[in-house]
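Produce the complete structure using the sequences and hints provided.
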Amino acid sequence: MFSNEEGFDMLMVLSECRRNNRVAERLYAKRYPQRVPQSREVFRRLARRVQTTGQLQPQHNRNQQIRPPVKDEIAPDILAAVVVNPHDSTRRISGDCGVSHMTIWKILNTSGYHPYHINLHQELGEED
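FYI, in full-length UniProt numbering the residues of the sequence shown are 1 to 128.
It is possible that part of the hints are untrue.
[Stated by the list, open to error] The list that follows gives simulated cross-link-like pairs (lysine to any residue, SDA-like), each with its CA atoms no further than 25 Å apart: (1) K30 <-> E16; (2) K71 <-> Q51; (3) K30 <-> R19; (4) K71 <-> V99; (5) K71 <-> H101; (6) K106 <-> H87; (7) K30 <-> L56.
Hints are computed from structural coordinates only; laboratory data are not their basis.
Small disclaimer: the values here were computed from a predicted structure and weren't measured.
Given below as C-alpha cells:
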C-alpha cells in the first residue's frame, strides 16, 4: 500500500518513463530512496487501475459493511466464563458466546490468561 501522494509520484514517474514499468521502477527507487521501493508490477497495476476506475487506491471492501469489534462488549462475559470453569475449551466458550474461538484466544491472551487442560500423568504413592 502507498499513500495518495506516493501514488501520484509513481504516476508522474511512470509518465516520465513513457509507461515503461522497469525504467519507472528504477527511477522511482533512485528519486525517492527514503520510501518503500515499488516493483514494476505495482506500477502496472496502478496504471491499469487509474485508467479503468480513475482511482489511485484499490477498492477492496468498499461495498462491504464494516463489522464493529465485539471484543470490548463480550470480554467480561468470556473472562467470567473462564473463571467459573477454567477447564472449558475455547471452542466450547465460543459456542456459548457466539463468537469465533480465535476471538476467545485473543481476549484471553490480552487479559493475561493462558488456557490449558490439566493432565495428570503421575500420582503419588503411599510410600512417597
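Q. Is the hinted pair K71 and V99 satisfied, with a Cα-Cα distance of at most 25 Å?
A. Distance of about 9 Å is within 25 Å: holds.
Q.
With the threshold set at 25 Å, check whether the alpha-carbon distance from K30 to L56 stays at or below it.
A. Given pair K30, L56 holds - Cα atoms ~22 Å apart, limit 25 Å.
| request: Would you check the hint for K106 and H87, treating anything up to 25 Å between C-alpha atoms as holding? | output: Distance of about 18 Å is within 25 Å: holds.
25 Å Cα cutoff - pair K71, Q51
Distance of about 41 Å is beyond 25 Å: violated.
Is the straight-line distance between the alpha-carbon of K71 and that of H101 25 Å or less? The hint holds at about 12 Å.
When you check the alpha-carbon spacing of K30 and E16, does it fall within 25 Å?
-> Holds - the C-alpha atoms of E16 and K30 are around 14 Å apart, at most 25 Å.
* CA of K30 to CA of R19, is that 25 Å or under? -> 17 Å, holds
The earlier numbered hint that this structure contradicts is number 2, and it is the only one.
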